[in-house]
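Listed below, chain by chain, are the residues.
Protein chains: 2
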Amino acid sequence: MVPPVEGGDAALLPEFPRGPLDAYRARASFSWKELALFTEGEDMLRFKKTIFSALEKDPLFARSPGADLSLEKYRELNFLRCKRIFEYDFLSVEDMFKSPLKVPALIQCLGMYDSSLAVKYLLHSLVFGSAVYSSGSERHLTYIPKIFSMEAYLCHTRTEMFANYNQPFSLVQEFIIHSPDFEAAKFWVGNMGKTATHAVVFAKLHVPGDQCHGLHPFIVQIRDPKTLLPMPGVMVGDMGKKLGQNGLDNGFAMFHKVRVPRQSLLNRMGDVTPEGTYVSPFKDVRQRFGVSLGGLSSGRVSILSLAVVNLKLAMAIALRFSATRRQFGPTEEEEIAVLEYPMQQCRLLPYLAAAYALDHFSKSLFLDLVEFQRGLASGDRSARQAELGREIHALASASKPLASWTAQQGIQECREACGGHGYLAMNRLGVLRDDNDPNCTYEGDNNVLLQQTSNYLLGLLAPRVQDGACFRSPLKSVDFLDAYPSILDQKFEVSSVADCLDSAVALAAYKWLVCYLLRETYQKLNQEKRSGSSDFEARNNCQVSHGRPLALAFLELTVVQRFHEHVHQPCVPPSLRAVLGRLSALYALWSLSRHAALLYRGGYFSGEQAGEVLENAVLALCSQVKRCSLPLVRLIAPPDFVLDSPIGRATGELYKNLWGAVLQESKVLERASWWPEFSVNKPVIGSLKSKL
Amino acid sequence: MVPPVEGGDAALLPEFPRGPLDAYRARASFSWKELALFTEGEDMLRFKKTIFSALEKDPLFARSPGADLSLEKYRELNFLRCKRIFEYDFLSVEDMFKSPLKVPALIQCLGMYDSSLAVKYLLHSLVFGSAVYSSGSERHLTYIPKIFSMEAYLCHTRTEMFANYNQPFSLVQEFIIHSPDFEAAKFWVGNMGKTATHAVVFAKLHVPGDQCHGLHPFIVQIRDPKTLLPMPGVMVGDMGKKLGQNGLDNGFAMFHKVRVPRQSLLNRMGDVTPEGTYVSPFKDVRQRFGVSLGGLSSGRVSILSLAVVNLKLAMAIALRFSATRRQFGPTEEEEIAVLEYPMQQCRLLPYLAAAYALDHFSKSLFLDLVEFQRGLASGDRSARQAELGREIHALASASKPLASWTAQQGIQECREACGGHGYLAMNRLGVLRDDNDPNCTYEGDNNVLLQQTSNYLLGLLAPRVQDGACFRSPLKSVDFLDAYPSILDQKFEVSSVADCLDSAVALAAYKWLVCYLLRETYQKLNQEKRSGSSDFEARNNCQVSHGRPLALAFLELTVVQRFHEHVHQPCVPPSLRAVLGRLSALYALWSLSRHAALLYRGGYFSGEQAGEVLENAVLALCSQVKRCSLPLVRLIAPPDFVLDSPIGRATGELYKNLWGAVLQESKVLERASWWPEFSVNKPVIGSLKSKL
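Protein chains in written order, with the working numbering: chain A, 19 to 710; chain B, 19 to 710.
To be clear, the hints were calculated from the coordinates, so they are not data collected in a lab.
Only true hints are included.
Identical copies look the same in the list; a pair holds intra-copy or inter-copy alike.
Lysine-lysine pairs mimicking BS3-like chemistry, simulated, CA-CA at most 25 Å apart:
#, residue 1, residue 2
1, Lys120, Lys75
2, Lys67, Lys101
3, Lys164, Lys244
4, Lys674, Lys685
5, Lys685, Lys91
6, Lys244, Lys91
7, Lys259, Lys91
8, Lys381, Lys120
9, Lys381, Lys116
10, Lys275, Lys222
11, Lys101, Lys707
12, Lys259, Lys101
Just chain A, with the same shape it has in the complex (with noise of 0.2 Å):
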């Protein structure tokens, strides 16, 4: 049992402002308070609360509605509260190693506020400070502290670039650094287009005297940071405006020779000696790629996280504006709140249950990603480690796209639901949009890591089809698929809607659906081989239809049975047990729903009442989770400042908040400046159409 929120606590956990969604909020069955503390635990709200506080109380975060900023000013803006995070340094060292989840949770807090800063600051101090960490050796940790306090400033790029030796190597023990022509200089790169100082730059190596060693990273000073200035031999640039996250500067770079020593080798992979010598500390190619796999999924797994922040924010809103604004009604007298319409219920309800479900999973995975870390940073080099790592790259290469899909998607249904109010831009929703989709392409366009994680399902069942291996992982994520041949005989068996309302039904029907794909894209592959296709068209063939709906099915089957898993533990409390477990069920089964045809084609469906009872249950639980909607809601959205969206708040006033939006923009009553060209010049219909 959780105890009770001790009277100091009013300030941890204060209540709802009194307003329209009173009475919403009396429906719940449950006690928020409760369900915050057993989610997050005191320690992770007081220090969520300290996070946002901060930002409240500082100037520099103030919001500026309606402000068309400039792309130079915004960048400006960001790198200054990005500094501005570093003098809060709301999470020391000593911290982050005593509770890791502060880490995902710091930058959740950031990205609710700005996801520019939460890039930007993400890239500079954890994507690089972990590369660093984890391909660097004791020689490189004096970068450190300098990222701290932003002598360095820094970016990570993986590109087609050589790093040759500078011969005769052993004399000035330098690399040199060339890209060879513009189709091979690096664009998009995070930060670098006006603030990096040195670059991580993946580039082939070669030796004296031997064959390429492939990628490895190096560390490069790409601008002098006293004047921002590039280095000799380096054009470096700025990408220009993009759809969304401009406080972010994305750059690009060529590198002319750039002579480089040779300690500015992240050696933890491979090393070259003073005399120019190619040394590998693993042995097993196998093994190395699995460590080198498991540092990739650091930045997905970061992703994964921030889309689940967009997804949150989003749901805030338009959960919020639903319950308040009225449309239409049994009498034309009587208008109800749009949440009262099945159809607004079920186009919402299964994202926010999709919020809470994706957020567990980011936090488990995350945990897993630090235990292959300090396996990693303590020089484990067994067997079960590279295998952690192989396994943590499959879930977490399909675990980015499946979140950052899920919060494209969700946001757009939101922006839909909100209607014309979801279009203002102060309602922040065309902004989370933006700022999310490049959570589909960067570290990897979603399509193209998905076959990332079918790939290695595949991997799995060679050896089991051929030897009869047992399917084990780490992380137990595949060991179900041993039973492969059994779970393949089953049906679905569940006639009333009643008994399908628990994600126990959808993770059975998962666990079929993945066995299921599992064996056809195997068979597929199989059939393409032997026809004569090369194994890299026989992959690419088998992908659209098999490989891409297998890996994502495997996903939602882990999120759905971790999530399953929480909410059915023995220390869940009792009067939140209803509540947590209707989540799980909208989850698992909506997300089911959309492979239906699948599950009819394979025969695990058969008849109609399959698919009704499905859907059936879909609607009766966002019906059930409706009444809930507007506790959920309090636990993920930020507060008002940082949510940050008039049609939002959590007063529900709806039309008083628009209003005093709109009308406090600049400008909003008065007439265009250029009023003079409507009334002069009218235009003399035809006088230009001898020009045609």
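Assemble chain B onto chain A, guided by the hints.
Chain B alone, transformed into the frame defined by chain A:
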């Protein structure tokens, strides 16, 4: 047979610029010129070329890549451009009557240049013009020339205001327009924010000693055209920044007892005599309703056409990019164009087919609307005219959702398929997405509109079930339903992919699907009512799972049917039959495949093979259409100046175009203006910790 293009037409249909796309273009099995002449006709091609050339030559329309336009500046520019369009007078009133399709063609050309321009022009001239034309009478025609000379600049609003007779009416002959409170203010009216001088205001009409006669349209002056200052009693302002279409000024207005003369009432549907008596030429309320429904359709049909434009532009950009962007390949050395990946094909090519099918549908529905409006103008009060109004209303109400969502999803897919380059603002995919987005919302939220269509179909089934009435409609879109009992007995019989590559297969399946959904919806609705739900509740409870898919499936069927008939006409040149047939089959089957779960659930599909055949047919058609995709793009893409996307240029010189555009932006290689912030005042870690 279409005659070959004469020598003089080289300018009308110029050859492609030579470049990396040549290889792709050479693979096509048909002449794109022949397709252009067949699809558009020479006169239309010439008309579009005239418009594009005029814009390209006129400095007012010069593109300003990378410019950070302020809201105020963008609105001024858009206003001036709109004015200039009148000066060009591309389409005289006579031409409009002779070739009605030039009306949507003009709007499409403007929309290809900039959505804000198309919408501003459309709202001012056509929507207002058609309101006056279809709702007003002789006495209102004086407004028409004022529109074109911009003496009156117009907007159009539907609202909760009241129009009360001014007692004693017979003396002053005035109405009083009044908004009771803030909540009754009308938000979002296009052109109202800064420019409108007159508004068509829908208000509830009250006349002396009589009850309310419902919404009627009035022309109300809201600003002084000389000064652009608001008229007494009118509070009018600008909504502020939106997610897109920021060249258009959306506004809000409140009226405080504003007096307007009796003649301001647009009196075709109903009038008030000088003595204050309400009179209507329509005796039958159902007929009057049918006619007024038809009037609602013109906005929706225009939006359909604008959504198609956005989809076309996005396809042009993404497909040219995909044909030139190379990534990975069968060997380390050989990189292949991303369009060669089945994944990329399946992401994009169904939307290319959709652009063609929906484009054809939008033209044909526009012609239906012209027929209806001609009836209206000639005073046709027949039952057929009213039925035509209802049918067009049902088609338009579902076609706006289908087209706007297809465009929204297609553009997002294009954005993602172009990776980071799709996220660069200059490549225009973001603008297209943002400008298309309101198409899902204005003139009725998509989900709400679909209920109009499902209600129309349910309204036809009831008399059939009860009295054995026939399904008959003026445009024959529902006539097939007459055979619904036998259609429902049909099954999917196609067992090979080769037999499935035809839109006829999809047509048969769609007919079954619509019959199935109609029956299910009807039964569900009756079941709801029997269990005690009110009509309002019953309809809401059926909409998500039944009414919505019914409306969409019915409209998809209509689109597929019309495009199928179009491409199978005897006049189609033999060399074009293959490519047009494939486009038709791809759109039809891809669209159908999203209903696969319902096809299984209702028993039309059974066994693994049905779903597999459908899926494999879509894949096969994608691969076939890929070979023709570049010439197909040539037809829908405007000139580079209008398309305005470096990655989408016709030359296909991807890196050259992109680098050129990036480097041309201002300050790209300059250090940030705020560089001293970087080197001075380094953050002192934790220096603000005491403030937390």
